[in-house]
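For the protein sequence lines, the chains are A, B, C and D, in the order given. Anchor point for the first sequence: position 379 equals 394 in the numbering used here, and the numbering is continuous, going up by one each time. Anchor point for the second sequence: position 118 equals 249 in the numbering used here, and the numbering is continuous, going up by one each time. Anchor point for the third sequence: position 101 equals 559 in the numbering used here, and the numbering is continuous, going up by one each time. Anchor point for the fourth sequence: position 90 equals 1568 in the numbering used here, and the numbering is continuous, going up by one each time.
In case anyone wonders, no lab produced these hints; they're calculated from the structure. We put the beta carbon where it would ideally sit given N, CA and C, even for glycine. Heads up, none of these hints are tricks.
Covered stretches of chain C, as calculated for chain A (at least 3 residues, CB under 8 angstroms):
(1) 530-539
(2) 553-567
(3) 570-583
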Amino acid sequence: MSSDTAQYVNPVGQDLPRLEAREKITGRAEYSDDLSLPGMLHAAVQQSPYAHARIVSYDLSAALEVTGVVAIFTGDDIGYDYIGPFVHDETAIAKGKVRYIGEAVAAVAAVDQETARRAVALIDIEYEEFPAVLSIDEAMAEGAPLVHDNFDDLVRTYEADHAPNVMSLMQVEEGDVEAAWAGCDVVIEGEYETQAQCHTYMEPCSALADIDANGKFTVWSGNQSVFHLQANIAQSLDLPMSKVRCVTPRVGGAFGGKMEQTIQPIVVGLTRKAKRPVKLTLSREQDFEMIRSRHPSKVWMKTGAMKDGTIVARKVDIRLDAGAYGDDSPGVAGICALFCRGPYHIENVSVESRAVYTNKLRAGAFRGFGGPQVAIAGETQIDEIAERIGMDPIDLRLKNAARPDEEWLGGLVLSKSAMRECLTQVRDASDWVKRRAAATEPLSNGKRRSIGIACLPHISGILTSGAIIRILEDGTAVLNTGAVDNGQGSDTVLVQMCAGALGIDVEQISLATPDTDSSPYNWGTTASRNTYMAGRAVVGAARSVVDQLKERAATMMECALEDLEMRPGGFIGITGVPDAQVSYGDISGFSHWVAHGPVIGSDSLAFDGENFDPKRGFIKGFPFGRIGAWIFAAQAVEIEIDEATGKITPLEVWSAHDIGKAINPASVAGQVEGGVVQGIGFALYEEMVWDTGRLANPSLMDYKIAGTMDAPPNINTILIEEPDEFGPFGAKGIGEPPIVGIAPAIANALTHATGIRLKQLPMTPERVLNALQEKNEI
Amino acid sequence: MSEKIPLSLTVNGQTHQAFVRPTDTLLHVLRDEFHLTGTKRGCNQGICGACTVMVDGKIVRGCLSIATNCTNREITTIEGIEADGNLSPIQQAFLESGAAQCGFCTPGMVMAATALARTNDKLSDDQIREGLSGNLCRCSGYIKIVDAVRSVCGGDAV
Amino acid sequence: MNAPVDRVWEFMMDPDRMAPCVPGCSDVEVLGENKYRANVKVAVGPIKTSFKVSVELTEQNAPTYAASVTRGEEGGKASMLTANSELRLTSVNSDETEVYYLSEVSLVGRLGKFGLGMMKKKAKAIGEEFAESFRIQIETPANRAKVG
Amino acid sequence: MKLHHPRSIDEAVSLLGKDGEARCLAGGATLVAMMNADLLAPSGLVSLRDVETLKGISIEADGTAVIGAMTNHVTIAEATEFDSGQSVVARAAAVIGHPAIRNMGTIGGAIAHADSAADYPAALLAADAVICVAGADGAREIPAGDFFVDYLETALEEGELVTSVRIPAAPAGSVAAYEKFARVEGDFATVSVAVMLQENDGAIDDIRLAVGACAPVPIRSPDAEQILRRDGVSDTSIAAACEHLAALADPVDDFRGSGGYRLKLIPVLVARAIEAARNGGAE
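Pulled out of the complex, with its shape left as it was, chain A reads as follows (with noise of 0.2 angstroms):
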């Protein structure tokens, strides 16, 4: 059973394929849409043709005498019982008023999807149409039609100023900026705009519920936490979190986009008056319509420097276009302020940063969580900088680049960080020098070559995990934490910790699929949080594992239990004495048919770094407290320019992570290329493009994402490993850094090469085509 001590390979660091790999490449994974119950309907959904629109009345009559539909689910058979993260403002299902178009507004369960889909289209709505605001600037004008015209009235989970149509308004005040501007020798300042992306995770949103005969909710569906999606459908419908019980399948990708609810608290709507099972699967046109996307941005920056190259305040206006609802804008717009100083030390910094409603979809979570939208500004204004003082832009950032030793804006304190290492590695691997002198020079296709470099810090943490583990009869493993994944190899890592920690081999532990049933909690699969707080409840409960593995062994062999000591292998032995030994399994046995009992660890953390510091300056409208581990990366880009069509070619990457300890290498390398490829879309393809208030693109025949001809050949992972003292292990996230970069590090790249800076985003053909065109016509 347990291998033998002496050939014991401890599985943290190595690079094991995925627990679930051969269930994926042999067709056996199950994914949401892939379940069925016997006696299952299926569902379809109306959707709001309006942008902003009283609903006046449903009637129902024609889709009811529809042979087949079972129930239809509106806004009459829900209160107002909001839900959100931030701002309660969300419905079920819309209720009194529709807020964008495609927002759900009718569904109906039917016994098959055509019957389903032909009855939903029969339920006639009367609407009373608004003016609506369709963008940062329509919203925040005077006297401007108001989006969520009871938003004073709505419960909010933060403090900070707002304004019609301004969800929070985040503050953040250092030094005095005002008066820095008159020491400094370089003061850029530029407006950039970036654009709303789809998260595309390849599997449209799905959920499947079914009741039980005390009415009590069964939910499988593809999310980011079973515990947060409890919570949002039972306050949504007016339930008891014990009346519903969620699960996770396998996910078909998320990326923020599933962190809160999807579609399920429609469907448990529908499970709720057909009482039987139903299943709703968007299609992709609707998936793209109806679910949420990145923040579309503006900001302004304003970044002064030094001839030295001292960058000496930044001051930064920040506006996010959240939709229709605030979902998770109050903590990406917080987060945009948080981290639009850069990974640098400047004395002077003053940020306001807002998320603005619209009529729109709604814009969350996604990978990079605000990092991104401001990356595009700072990280192109100090390239601006370097190249007025001359300085060479790798050297400029190691100049102002944070030190491990020193605090953030309000005083959190950066630990162990290797913002440094990850900028001079990039710089050797990429052969940084040579290549940016080579950029100059036109090739012999009439094209160019050039290289880019860009930074960023983020956060690895925040909120609250759980773990336990239970050691079986024959000293094999159960360990459930409740942490669910979203395809980025969590489930693989976390037992690869579990199996170091208890010294035993990946094979002995079985892994609790999310239940919040049986599953300890896990605040989410997000902020690049589940190795590093899932990880550290995982390593806590193996501790208190060993511990009562210990205790149990001393009474086996009636000895002290500081003679004890775990041995690899799955053995504890007394020290000093070799050959006295017993095996996990024995002591389970023990434990469980003689004394002591069944051996259970648990253990149950939030995340404990340090909060603001009021006394270090002015912070408003933060609305997270603790918010993780400061996590590092340096990420250089090199593309080829089209100089007579405007195309962008990514040739090669170079992504250097601060990571603390890679638990399973390959995995971190693959996280990286996936962000990495998502940032070049993000960069160069993206973009949700919308026509008199509708999403005119929603589907992949029109929104493109890129394929293996578009995305770069060459992505090279550089990981550097200095263990973060609280971390699993030593380890920290990987998930969000890959993302955030790469636009910057391309803006800058083409700059360095045509010299035109381009401040929109994505850098299309025909943008970059124009600019180039205006820079020879000046």
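Please arrange chains B, C and D on chain A, whose structure you already have, making use of the hints.
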């Protein structure tokens, strides 16, 4: 609603039968009638490639194929790629290279890679990327997928 | 238009004479003061459909300005369109009138998800076809007589 | 709703004659996508799968290449039968969508759908192709230039179907190329240019230049070609020629690029297409 008619298809060497609508797609029939859910529905417009299956050995889009037009054809899905319970070389390579992340694109990707591997055993990276260009993946950045395919049918020419 | 502003106005306010100028328009019904209903056939290649539209004059200042809202839907609400239109007539001289017509059309549903660029061109083409047949209608002597 | 499997063209034609709303099912690559998007709901489908006479490529005595309507893109892309001028069609076929789409899609289905941003239309125009169709009143031949009528509209009458595409032998020694610019690989073209070129020590004897995705139908300008024949290939002659092409263009504004941008791309792609043709079709 149009009348359902009996349909018999050969999938992975076995005969499957169901009553379907004449316009039902192969993807719909595989998943919802034959309960072969390994083939995924990602866009239903032929763009993402998650529904890639083989018809007479050639990869096609399950979502753009009319099921009743696939009679008298040999249909192969991800469920038919393993050889007597063993992973195929491509599947083995996907396993070892860590090419599957969320796994939703993986069945289609494995089908496209399998078809590619059958064409030649000396493919350049460009040929591999071209061969997989119709299959979108949002997790991996394609690096490990291309690594996996290269390890099976990559040539010296790169 | 080679016609006096009053006649252009009168013509434009008369659904029975306007309808034939709108491509594919049929079954015009007057619902009441400044409210009409009609059926409009549209085809984009093989995609052939018809919208039940209702037009409401929301503002009028004879004989120079009118604003209207047009709402329409395909059977089964597969697509819905909303058009906010503005008409301005300026008398150039006794028998010439400058006609300014602006219509912002918004299309949601199945047709709103498809071929943005092409659909815009189609809408523009329909608008031009309308303008042309309108001009012919109002400038033909026969109609002059009717109105005069 | 019924799906038919005729075995001959006549059988297919009579089936189409019986039901005006029925549509031909070729590869399905475009028709089924539109059905899935609820854009089309044909009352019947006439599958051409089993009509063997519609498949394959043959060369007639005079060098004319005859491509059966049911020949898929990959077969055309890999065909060795074409002369170097006719190969413009193969070059276009090679960049349609992705491998699975090229396995499914057929030339007949693609041109009957007549997407203005598709790849065949410009190539067929440059190749002086003739579209052969069959209907209740018999067969007829339509020059590519007359076949494409408007967005998604062709000269096909109700009840007619495309049976083959005839590509005349290109002038001796002519070369060809197809240049496509797209946002990402495999997307529909933002602009595409097909060229067939016959040169004799520097002088251009014959040139056919067609632009795709810049108008409801592919465009060709005799004046543009005249300029290039007269002045030879130079930046100035290309610029002058492209002004004539631009005059015929009426590009859309959408996420693949604004009309203005598409016009800017025409001279760039024309120059590259000519260059590529001279280098044997390779860039």
